[in-house]
Amino acid sequence: MKTVTSKDGTTIAFDQSGTGPGLILVHGAFMHRAIDPQAAQLAELLSPHFTVFHYDRRGRGESGDMQPYSVQREVEDIEALIDQAGGSAFVYGVSSGAALAMEAAIKLPGKIKKLALYEAPYWSDESAIRAWKEYRQKLKEALAEDRRGDAAGLFLSLVGMPSDQLEQMRREPWFAAFEAVAPTLAYDAAVLGEDRVAPIGKAAEVSVPTLVMNGTASEGFMYDTATALANAMPNAQHRALEGQTHAVTSEAIAPVLVEFFSS
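Under the working numbering, think of the first position of the sequence shown as 1, with each following residue one higher.
Hints are supplied without guarantee of correctness; some may be wrong.
What the hints assert, rightly or not - DMTMM-like, lysine to aspartate or glutamate: derived pairs with alpha carbons at most 25 angstroms apart:
| no. | residue 1 | residue 2 |
| --- | --- | --- |
| 1 | Lys140 | Asp65 |
| 2 | Lys111 | Asp15 |
| 3 | Lys2 | Glu62 |
| 4 | Lys140 | Glu126 |
The hints are simulated quantities; they were obtained by calculation from the structure and are not laboratory data. Note that the structure is predicted; figures quoted are calculated from it, not measured.
Whole structure, please, built from the sequences with the hints as guidance.
Right under this line is the structure:
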């Protein structure tokens, strides 16, 4: 493990592997190095081509968590990693990490050479907007009362986990790992915004070459979101990965990233 210090003094922990241009992996909700073997495998597959920075977002794993939280501070974490990589790097973000990576591409001009995004979970359906706002309110209440298990359960319910499976999961000893990082669900919510509608105006500000992806086996709104973002960006392309869901496999995404970042 290595560390870098972000602008506000927060320590950001990361693993570094491989040689070549820098590539930073940005996780989605819950995930960090200790509990995300898929990302570790992806780093391994990418390391023959790039110097891969696999880091813990703030508040997770071995990274610090300076308060108060702001999206800008998470962008500064990415900037610190980019500086560690030599001043410029490629960035790949998945799920809410894709939304954060897009924010970084806007706020760090000249530092991100190319950007790849997989299924930023924006959803513009009216019922989805209502569900999102209700989730954010309940999440705020649960975290204020330090009900971390309930907070984690709220997120898992939002993404479609049946209640009986959720109750069984909460009895498993490894659920404690989700409870430990439950406060960071508020960070992901802040990144995605008040209503979780795709920020088309903001996407238009992304000038770097960008690959926007979704899986063909994911819910239909993921395709709609990916195409809307790609169409809004002045230098983007869209690609649908055959048979992939929101939990894209390392074997499926690695060659796509190598092709895009190396071209």
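Now the hints, each set against the structure:
1. Lys140 / Asp65: holds (18 angstroms)
2. Lys111 / Asp15: holds (20 angstroms)
3. Lys2 / Glu62: holds (10 angstroms)
4. Lys140 / Glu126: Holds, at roughly 21 angstroms.
When each numbered hint is compared with the structure, no violation occurs for any of them.
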